[in-house]
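Asker: If you read the sequences in order, they're chains A and B. Here the first sequence stands for residues -5 to 275, where the numbers follow our numbering. Here the second sequence stands for residues -5 to 275, where the numbers follow our numbering.
Keep in mind that the hints are not guaranteed to be accurate.
[Claimed, not checked] Just some of the chain A residues that point at chain B, by a computed CB distance under 8 Å: (1) Pro117; (2) Gly121; (3) Gly151; (4) Thr161; (5) His169; (6) Leu172; (7) Asn175; (8) Arg184; (9) Val191.
[Stated by the list, open to error] Here's a subset of chain A near chain B, in silico, CB distances under 7 Å, partners left out: (10) Ala100; (11) Ala118; (12) Leu120; (13) Arg122; (14) Val124; (15) Ala125; (16) Ile127; (17) Arg159; (18) Lys165; (19) Val178; (20) Thr179; (21) Val180; (22) Cys181; (23) Thr185; (24) Thr186.
[Said to hold, decoys possible] Okay, the calculated beta carbon distance ranges per label pair: (25) B:Leu232 with A:Ala70: 53 to 59 Å; (26) A:Asp173 with B:Ala70: 28 to 34 Å; (27) B:Pro94 with A:Asp173: 22 to 28 Å; (28) A:Thr(-4) with B:Trp41: 56 to 62 Å; (29) A:Ala64 with B:Leu232: 57 to 63 Å; (30) A:Ser215 with B:Ala7: 48 to 54 Å; (31) A:Ala64 with B:Glu3: 50 to 56 Å; (32) B:Arg184 with A:Ser215: 23 to 29 Å; (33) A:Gly63 with B:Thr186: 50 to 56 Å; (34) A:Gly96 with B:Gly253: 42 to 48 Å; (35) B:Gly23 with A:Thr95: 40 to 46 Å; (36) B:Thr91 with A:Thr(-4): 43 to 49 Å; (37) A:Pro25 with B:Asp65: 45 to 51 Å; (38) B:Gly96 with A:Asp173: 17 to 23 Å.
Just so you know, the hints here were simulated from the structure itself, not pulled from any lab data. Using N, Cα and C, we set each Cβ at its ideal position, and we do this for glycine too.
There are 2 protein chains.
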Amino acid sequence: MTTSLSGKELASALRQDVTARAARLTAGGTPPKLAVVVATDDEGSAWYVRSIARSAEKAGIVCDIVDLGADADRDAIADRLAELSRDRAVHGIIVQTPLPTGISAADVAGQVAVAKDVDGANPASLGRLVAGIPAFAPATAEAVVAILDHHHIGLEGVEVAVVGRSTVVGKPLAHLLLDRNATVTVCHSRTTDLPAVTSRADVVVAAVGRPSLIGADHVRSGAVVVDVGTNPTDDGGLVGDVDAGAVTGKASALTPVPGGVGPVTTALLLRHTVEAAEGQV
Amino acid sequence: MTTSLSGKELASALRQDVTARAARLTAGGTPPKLAVVVATDDEGSAWYVRSIARSAEKAGIVCDIVDLGADADRDAIADRLAELSRDRAVHGIIVQTPLPTGISAADVAGQVAVAKDVDGANPASLGRLVAGIPAFAPATAEAVVAILDHHHIGLEGVEVAVVGRSTVVGKPLAHLLLDRNATVTVCHSRTTDLPAVTSRADVVVAAVGRPSLIGADHVRSGAVVVDVGTNPTDDGGLVGDVDAGAVTGKASALTPVPGGVGPVTTALLLRHTVEAAEGQV
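Please take these sequences and the hints and turn them into a complete structure.
Answerer: Written as C-alpha cells, this is what we have:
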C-alpha cells in the first residue's frame, strides 16, 4: 500500500492563514504586494506566473507581473530588482526563470533585498539559511519539508537522499533537512550508482527535472518518496521525476504530481509575502 | 599499509607561491595586509593567531592583530569589521573565534566585505559559494579538498561522508565536494548509526572536534580518512577526531594531526589574502 501524500490539504490550510493575515495587513493600511519579474516568453513560465498571480489575488495579495521582455539585458533586470527592493509598497519579489541566455538568476537576484526575497533566490539569503540566520528559504525546498511534516513523517535521525544539486532546490533542501537532524546524502548526475545510494534512504527526494528518473530500483521497500519534478508532457499535462507506476506498491508513500509539492510551494510563496509585509525577516 | 597524507609539502608549495606574489604586490606599491580581529583571551586562540601572524610575515604579508578584548560587545566588533572593510590598505580580514558569549560569528562576519572575506565567514560568501558565484571558501573546508588533490585522490563520482555540519567546515565542505562531483553525505551527532553511514564511504572527513570520534568501526577497509579535528591535549599537544592507532592498517590513507589539514589551512588563508590584494574576488 502506497499512501498518496497530497499537498492540497496543506496548501489550503496555508492559504486560509495567509488570507486572514493579508486581510489584517490591508485593514491596517499595508496591503501586501508581490512583484514577479519576468524576462522570458516561455509558455510554461507564463502559465506558472499567472497561477501565482491568481492565487495571490484570491488570498488578498496584490500581484504585479513586471514583464521586461525576453530580450531584457542583465542590467535592466538587476536595476528593476533593485528598484523594487527600494519600493516600500512592495513586500515580496520573485525572479521568474528562465532568464535570457547568459544571465544568471543567482547573479541578478543579488539585487533582491533579503527581507523581500520570498523565494530565497539571493545568494545572501541562501548563505543566511546555511549559517542559521533568519532568511526566506526557496519555497520549493521548504515545501518538501512542510509536506513531510504535514503527513507526520519524521526527519530526526532519518536518512534522506536528495537527488539533484540545484541552487534553488537540492542544495537549500539539504540544509533544511540537516536543520531537522536528518542524515542527508546529495546525489546527482555524476553519482556512480544512483539506485544503490537512493535505495539506502528512508526518504528519497527527486529534484532533477527528468521524467521517470526514479523507478522501483531506486527505492527500497517502505521508503517515502517526494517528487519535486514538474515536467510538461506533450498533451499539456505534468509529470514528476518519479515513475509513479513503478514505485507504487514498493514505497510506503509518494507525493503526487500534480497536487503534491507544487501547490504547497505556491502557498509558501504567499505566506512568505505576508511574513515580509509583517516585517518578520 | 596506511599512507600518511601530510599537508606539509603542499603548504610549503603554497607558501612559496604566496611569497612570490606578495613580493610582486609589495614591489608594485600594494603591500598585502591581513587583519585578524580577536575578542577573546582563550589561549588556544592566541596561539593560533600568533602562528598565522608569523606565517604571514614570513611570506611578506603584513599582519595586524586587532585585539578588541574579551569583553568587546557585538557592535564594537561589527563596527571594527566594517571599518576594516572600508580601509583600502587592508586586503584580508579574519574574525577569530571564539567570540564573547552570545555573539554569533556569522552575524558579525556579515560586516566583512566579501572581497576581503579570506576565511569565508560572511554568510554572503557562503551563499555565493553555494550558488557558484566567486567568493572565498572557508580555508579549512578548502584545505580538505586541496590535500586530497595534492595526493591525487580523485573525487569524481566518489562517495564522501562528512562528519560534522558546522557553518565553518562541514556545510561549506559539502558544497566544495559536490562541485567536484562527489556524492556527499553529511552526518552529525543525531545520525542514528554513524559507523554504518561512514563505513559506506570511499572518503571519510571528520570535522566535529571530538577526540577518537572515528575509530576502526567507522571506516571501511581501504577508505581514505581526512582528520580536520584539532583538539588540545592535557600535555599541550594536539589530537584529531580520528583514533589514528585504530584506523591505521585499515584505512588506505589518513591525514596526520598535526601536520595534515592545519598547515594547508593557514597557507590557503595567506593565498586568499594575496588573491584579495590582486583583486581576484
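Asker: All hints, please: hold or fail.
Answerer: Going down the list of hints, with the structure as the test:
Checking A:Pro117 against chain B by beta carbon gives a least distance of about 3 Å; that is within 8 Å, so the hint holds. Interface hint at A:Gly121: satisfied, since its Cβ lies 3 Å from the closest Cβ of chain B, which is below the 8 Å cut-off. A least Cβ separation of about 4 Å between A:Gly151 and chain B falls short of the 8 Å threshold, and the interface hint therefore holds. Satisfaction of the interface hint for A:Thr161 is found here, the shortest Cβ-Cβ separation to chain B being roughly 5 Å, below the 8 Å cut-off.
Here the hint on A:His169 is kept, as its CB sits about 7 Å from the closest CB of chain B, short of 8 Å. Interface hint at A:Leu172: satisfied, since its Cβ lies 5 Å from the closest Cβ of chain B, which is below the 8 Å cut-off. At about 4 Å, the closest approach between the beta carbon of A:Asn175 and any beta carbon in chain B falls short of 8 Å, and the interface hint on this residue holds. Look at A:Arg184: its Cβ gets to within about 4 Å of chain B, closer than 8 Å, so that hint holds up.
With 8 Å as the threshold, the beta carbon of A:Val191 comes within range of chain B, its nearest partner Cβ sitting at about 6 Å, so the hint holds. The restraint placing A:Ala100 at the interface with chain B holds, with a minimum CB-CB distance near 4 Å, inside the 7 Å limit. The beta carbon of A:Ala118 comes within 5 Å of a beta carbon in chain B, closer than 7 Å, and the hint placing it at the interface holds. The criterion of a C-beta within 7 Å of any C-beta in chain B is met by A:Leu120, whose closest approach is roughly 4 Å, and the hint holds.
Here the hint on A:Arg122 is kept, as its CB sits about 5 Å from the closest CB of chain B, short of 7 Å. For A:Val124, the interface hint holds, the least distance from its beta-carbon to any beta-carbon of chain B being 5 Å, beneath 7 Å. The interface hint given for A:Ala125 holds, since its Cβ lies 4 Å from the closest Cβ of chain B, which is under the 7 Å cut-off. Checking A:Ile127 against chain B: minimum C-beta separation of about 6 Å stays under 7 Å; hint holds.
Taking 7 Å as the C-beta cut-off, the interface hint given for A:Arg159 holds, the closest approach to chain B being about 5 Å. A distance limit of 7 Å between C-beta atoms decides the matter here; for A:Lys165 the minimum to chain B is near 5 Å, and the interface restraint holds. For the restraint placing A:Val178 at the interface with chain B, the shortest Cβ-Cβ distance is roughly 5 Å, inside the 7 Å limit, so the hint holds. Annotation: interface hint on A:Thr179 holds; nearest CB of chain B at approximately 4 Å, less than 7 Å.
The interface hint given for A:Val180 is met, as the beta carbon of that residue sits about 5 Å from the closest beta carbon of chain B, less than 7 Å. Interface restraint check: A:Cys181 against chain B, minimum CB-CB distance 5 Å, threshold 7 Å, status holds. Hint on A:Thr185 holds. Least Cβ distance to chain B is approximately 4 Å, under the 7 Å limit. Below 7 Å, beta-carbon pairs count as interface contacts, and A:Thr186 has one with chain B at about 4 Å; its hint therefore holds.
Here the CB-CB span from B:Leu232 to A:Ala70 is close to 54 Å, well matched to the stated 53 to 59 Å. With their beta carbons about 30 Å apart, A:Asp173 and B:Ala70 fall inside the hinted range of 28 to 34 Å. A C-beta distance of roughly 25 Å is found between B:Pro94 and A:Asp173, which places it inside the suggested range of 22 to 28 Å. Roughly 58 Å separates the CB atoms of A:Thr(-4) and B:Trp41, a value that falls within the hinted 56 to 62 Å.
A hinted range of 57 to 63 Å for the beta carbons of A:Ala64 and B:Leu232 is consistent with their spacing of about 58 Å. The supplied range of 48 to 54 Å is met by A:Ser215 and B:Ala7, whose beta-carbon atoms lie about 51 Å from each other. For the hinted restraint 50 to 56 Å between A:Ala64 and B:Glu3, the CB-CB distance of approximately 53 Å keeps it satisfied. At roughly 25 Å, the beta-carbon separation of B:Arg184 and A:Ser215 lies within the given 23 to 29 Å, and the hint holds.
Against the hinted window of 50 to 56 Å, the Cβ-Cβ separation of A:Gly63 and B:Thr186 comes to about 52 Å, which satisfies the hint. Distance hint check for A:Gly96 and B:Gly253: the Cβ-Cβ separation is about 46 Å, which falls inside the suggested range of 42 to 48 Å. Between B:Gly23 and A:Thr95, the C-beta spacing of about 41 Å keeps the proposed range 40 to 46 Å intact. Range check, B:Thr91 to A:Thr(-4): about 48 Å between beta-carbon atoms, so the 43 to 49 Å window is met.
Evaluation of the 45 to 51 Å hint for A:Pro25 and B:Asp65 yields a pass: the beta carbon distance comes to about 47 Å. Our hint of 17 to 23 Å for B:Gly96 and A:Asp173 holds, since their Cβ atoms are close to 21 Å apart.
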